[in-house]
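Visitor: Residue-level listing of the chains:
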Amino acid sequence: MIYILCLEKYSKLEVKMSNLIYTGSSWNFDKLYRMMDACEEIAINDMGLDCFPNQLEIITVEQMLDAYSSVGMPLMYNHWSFGKSFIQNKQNYSVGRMGLAYELVINSNPCINYLMEENSMTTQGLVIAHAAFGHNHFFKNNYLFQQWTSPDAIVDYLLFAKKYVRECEERYGTDAVEETLDACHAIQYQSINKYKRPNKISAREEIEQQRTRSEYLQSQVNDLWRTLPNSKKKEDKNLLEKGWPAEPEENLLYFLEKHSPILTSWQREMCRIVRRVAQYFYPQYQTKVMNEGFASFTHHHIFNELYNQGKVDDGTMLEFFKLHSSVLYQPSFDSPNYNGFNPYALGFAILKDIQRVCTEPDEEDKQWFPHLADTDWRITIKDIAANYRDESAILQFLGPKVIRDQGMFNLHDEIHYDNYLVTSIHNERGYKKIRKNLAASYETAAMIPDIQITNADITNTRDLTLLHESYKGKRLDKKTADQVLSHVQKLWGYKVKLYTMNDNTLLDVYECKQLSNSKVGTSPLDDHGDQWN
Amino acid sequence: MANNIIDRRKNGDMRNPGTKSSGNRQKFIKRTKKEIRKSIHDSLGDRSIKGSGDSQDVVINRKGIDEPQFTHNPKTGSRDIILPGNKDFVEGDQLEKPKGGPGQGSGGDKASNEGTGEDEFGFALSNDEFVNILFEDLELPHMISKENKAVQRYEISRSGYTTVGTPAQMNLEKSMVNSLGRKIALKTPKLKKIKELEEELDNLKKFFYKTTQEQKDGTEEWARYQEIEEEIRKLRIRANAVSFVDPVDLRYNNFTKKPAPISQAVVFFIMDVSASMTEQHKDLAKRFFMLLNLFVSRKYKKVECVFIRHHIQAIESSEDEFFNSRDNGGTIVSSAFKLSKEILADRYSPNEWNIYFAQASDGDNWDQDNEELLNVLSEDILPVTQYFSYIQVGTKRHGYYNSGNLLQEYVKLEANHKNIITKHIEDTYDIYPVFREIFKIRGKNE
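Just so you know, the protein sequences line up as chains A and B, in that order. FYI, the numbering for the first sequence is 1371 to 1903, going by our numbering. FYI, the numbering for the second sequence is 13 to 458, going by our numbering.
Chain B extracted, bound-state conformation (with noise of 0.2 Å):
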């Protein structure tokens, strides 16, 4: 009988089952979408959410996903069961029914230990999954692409194979295929040639069986015999004298230089830290900012981010900085903006940037300050930017806000500016939603 082993560990063909599942858990997703969606928006009041690390566990209806069979219902028709284990019946002992219906040992209720109930499902979604669907319908809105043309940017891309070039950047793929190709153009003809004489100088020699080399002499045939034996020589000089690799078969990558158009963002991150930013108004706006962060990180390639703090004084600081330090003070939001405006005249030209602001405070000001807020934002702000929204977060109270009056004043620049959108986060559960609102892609002419 003949006995085998494989080692199917490894390699990757069509047998292979470990390939085999991703097609149909993909599937699942794309079946459970709208649900898993549902699932992560309820629930992402509870998350912590990360770039990268943990996978997240959903739960999700298992309504969409039932595969219905015909089954007995177990209530009905007598039955007889038969079960191992008797310790001390005897016949005609009776035993009481399970509440719940006639299932045995646990019973009918499948409050399972699973942690969900009958009617959910519960799996884990990798991280990227997770975020993907996280944010699969967002954008940053209004993004259009500028070009300078006082400022060329290139972009160097590949682009197809030249003849000439450095040796660094040689295919040697691409020689070697030039390489075999000419090799066989150049000798087969030749082989072909000398097989074809080889066969004729093989008739010759039967010609010639048992001659000797006086009886030879003279006679066309072995003047033709001479001939073709000089002709194989030369032609297998010229066939060994086709080289291994010529000049002609290399190849190099090409690389060309592009004029790029440049859809490039950047955004400004901007939080109040002052004192009366309590810790869960620190939380709720450092949760929007991870959830804005982890979304321009993980969707665009060429965005850049800008993150100010302020009380008094802004500050622009390191991404883990503006998460992670702690200040206090009083409050002048407009210093935040002033700084903004540096920057973009230092480092982001409207021209060739689009830019966007979000930022986060509690609506505390200092009164002094709001009209010189107003001012700079209606005079330097908005006029360059492509969106910019402000997230008031605290309690509301009886219809007014708990903490300070900034989005009344925002409000009134919404008038004159369409490009700045104001919302409202009372906690965790708010982020998400207004989150989407915000970024949900817009039809072309909003």
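Okay, chain A solo, but in the shape it has when bound (with noise of 0.2 Å):
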């Protein structure tokens, strides 16, 4: 009898492993294009995505490091400070303080995916269904990405920007390459364009455009910074009354690069090269917990659909829950790993919890979200992914049930008091304002500072100034705002003043007290000599 029972099973399990894509934890080329077809079948058949074509590229721990290092890149532009993070990602990862992430994913089509070769097969096949069809959905669809990135278009530009930066190393030596773009990473994140969109173009067009540009940019700002008296005295005395430039600007190597009475065309051209650099990262940390979310929810989604259809053991299922949770594990606030909100546990719990409300909603459900209940929750799900960014989806999405789940509570720190107060826990009063705070708090100005140029005086003193919109009455850090503001003056060459506002109250007032001698260029009124070179 029990020889039958055992012929039985086996003969079972026969049968199923014959419908398994692999066994065993080590991988090979075979493997991965079977998961990868196998997941793609998931992806586009069953979840219905849209995705860029796959390029997985293997690479070792030392290539991974260095990935990180040029923020995720395949390739940049060289710089010291890279070389600083790559020093400290490798001291870090060798003596295990820090583990590398299992895959990186960059936006750009084809999508490349970097697999390093140390991971298990289950860890791939998670990586592939994450990566390459979770995150590259959300590349392709999300509204962020669409309007502020061109994938086609970064790597040629990156490769551009490379050669650029080396050719200038070459010509005007390497420090003072250093200096410009030292002061430019300062600046970055206040260099980004959060309203109007940028012109999408082909890297081939900016190689060209980037020769006449220099050209024609030098030639305005000589206009702009006339000294002989011009004809055009009414618009002189315009200016001088109404101040220049008439709208604030809030991309400050923009404005930069357009006017900088000092600047010579190779560094207005470096302006340029960072201030798009961060252009393209702009919808990545606006989309953190979406993104990490929506790609955890694909990996999820896959994974069980291909143990239903017995393409993977139990073995590997087991695995890939280890991973799973270890990835998504949300320590709380008072556990010494805290280290804020896990974007994966939050996005993926946000997603989870729609797609219950989907399909099985309760009475609170249909309360909250009344227009999703008993909807297709894969349509749902899609389009949040291609429609909002993490505050917008916080603010719409976060339901009663995952802030019960996850114990969230308000905490009030007002700053003159020596105690935190509890204004707000897990509970009906308390749901919509939790919710409502932590969607503030992915707001940008709540991470950036929010920082625009008011006014430069181009007709006695070419001061210029800078002012920073106070978030919640949060001001600066007085320290790195000096150092920032110092880097600004070199890009200028004039002096440089920075107020803080909060609701029409002054705060702080920031001027660099000496204007330092090493400006970064040479002034194209003083010096007609250099850059047409």
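Bear in mind the hints are in silico, worked out from the structure with no lab data behind them. Here a beta-carbon is modelled for each residue, glycine too, at the ideal position from N, C-alpha and C. Wrong hints could be hidden among the right ones.
Computed, partial: chain B to chain A, Cβ under 7 Å [to be verified]:
hint	residue
1	S90
2	G97
3	D100
When the alpha-carbon atoms are kept at most 25 Å apart in a straight line, the in silico BS3-like pairs for lysine-lysine are as follows [what the hints assert, rightly or not]:
hint	chain 1	residue 1	chain 2	residue 2
4	A	K1842	B	K87
5	A	K1533	B	K195
6	A	K1628	A	K1533
7	A	K1806	B	K99
Assembling the complex is the task here: the two chains are given apart, and the hints tell you how they should meet.
Guide: Have a look at this one:
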């Protein structure tokens, strides 16, 4: 009897075996291709994802560290700061303080996914499902990425930038280039167009434009800074009265690139390169939670489907769940490991909850999400991935169940009090407030100080005035603000002031005491000899 | 959808990130070189420096490598924080703010677990990088190139290619390039001609289309037809006769002997190992010599070292023995220089060699020997020496040396001999500064 039972079991196993994509923990290219096909089948036919073609690249630990250090891009212009982060990452990794990400994915067309050779086959499978389909779909469909990035051109543009920086180093010396890039990096996060959409142009056009632009730019600047009396006196008078620029400029590097009186044409191009790269990453830090959440949701769904179809075995699923739960681990606030919300966990929890609301809503859900209950979860989830960023997605879709599950509470920090006050917890009274405040913490202004150029005194002292619009009474860190300001001064060449305003109250004034002698450029007004070559 | 898997692990193309960061790393090291040098300098007393092997950890100040950004001061502005993991709080509960600011958890104090403070940045240099920075601006002073007319020395070096040589010296690449060129040059005109003729032949074939042999015979075209066929046959033979490799193709690596200017040097390491040298003294002396040995072997290709230990007797020893063996006994310093003198006469003619001495001792000498020592130094050693450095190890007390008075004796020599330098090392922290001072790069007139 026992014998027969065993045999029966064995034969069942046989049947199942034939369906498996792989067994064992080591990977090979054959397994990877089969895995990719199986994932694609589910991603496209079941979930209806819309992805760029994928390019998986097998890399070593060293190469992963490398990719980390150049902000995750496949290539990047050279700068010491990338060397610094490489050294730091390598140090942290080698003493075991930091684990490496399993994957790194680049928003390009084709979508480049890095797989580390150390990964087990299941990890590779997870990465494929997570990055090659989850992130990939998000990149291609999310409105921010669609508007702000050009995945077709980014690799080519970076190639152009790398070459350009290298040529400048050869021509003008590494020190001069480094100094300019240092200054540009200091204000890169204030050099993003938040509302105006950039033109999409290809790298080849970019290179062609670069040549004509440098000449054109320089001529424009010279015109603005004309010292001889101009025939258009009326306009001059207008400028004097109204102040210039007429509208505040949120993109500092753009302004400096176009109007700085002292930069030479190659330095203006550096400003442009740095701000274009910064702009490229703008959608990424606005969609961290939703991007990771969607990718995690995708890998979770794909692996469960693979298991249901008998394509992966129990051992694989156990390993998968171990990986999944360690990536999505959310330490609580009092844990020494707590470092804010884990974007993977938060995003996944929200989307999983929405899926539940769509398929099996209870009374509470019908009250909270009347328009979602009993809809097709595939369409709803994809809609969230396409049309929201973190702030708006949390504000719309963070449901009471997630708040309860995670035990979220609101701590109010009034600056003059000695104690924090717990103002809301996970109950009827608290849900909405927690949702609102959590969403607010993902606003760009909460993370990155909002600083704009309000005035440039082009007729007299050439002073430049920056305005920091305070977010909820927050002020700047004085030490770094002074340092950054001196960098701005290097790019502008004349005195730079920064005001912090909070609802029309002046909080702080920053001003660089001395004008450093080492301007990064020579004034085109003083010296016309050098920059036309 | 076109999916693709690429193995990026091996190839070294531009997209390969594996080769990417080394440039950035070098930039970083260049930028922080001053700081690194200072850090190495400060910590040298605690390090063990080896010629190879482990990387060296350095800690530098963050000052020059800050990347400032506008950031919010966390101590300003009221805020609402959402946190996960509520266990038993209800609305209205109050929590005490952690001291040192409103930062959560670990608080504001960032004395991190890296073993470095907030203002410091620690990382590892490879041993090569470390040693290069260590010896960057040091040299063996007064090195000159000495040429001895009597003893001609030759260096064999590569100098281009020749048409004659032994098969072992044949340069295959060059030879095959020549062969290829010759084949192209000789074959192409013939093949071109064949092609032309074949075209003409085709035209004639068309001309003769459906004509009988009788009609062809005797015509001018038919004669031409046969002539062309014959010519093509001959050209084919000649084209095929172009040989694959011809003796004229062959090139050989050429080596020439050149009279070599001799700027070779020998460094004498002389260490006192007598009983008066305490463990600490020996440690200091050995550390100094290890540094010197590393320096010489890293920076100079053609420098030989002679290791001499002495108590009442001097022994020439191998490098290994010099650093590792233990001896005891009284002290007669002159014995070491008498031995050196013999070695010089025997192996290192001053005409051919730059001669350097480095001596370390606690300063103790048998009193009766001092005169003889000064004699042998000023008569036989110093006149032929480029540079003589004397290190006295041991603590100084009340301005006097705890140990012997050799230093005072040597100072007398300094008056008449410009090429002697004397230094004192009290503990391990002195070694590197003293070493730098002895071997720093000088101006020409010094």
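Visitor: Each hint: holds or not?
Guide: Checked hints:
1. S90: holds (5 Å)
2. G97: holds (2 Å)
3. D100: For D100 (chain B), the interface hint is violated, since the closest Cβ of chain A sits about 10 Å away, which is over 7 Å.
4. A:K1842 / B:K87: Roughly 12 Å separates the two Cα atoms, so the pair holds.
5. A:K1533 / B:K195: violated (40 Å)
6. A:K1628 / A:K1533: holds (22 Å)
7. A:K1806 / B:K99: Given that 25 Å is the threshold and the Cα spacing comes to 21 Å, the pair holds.
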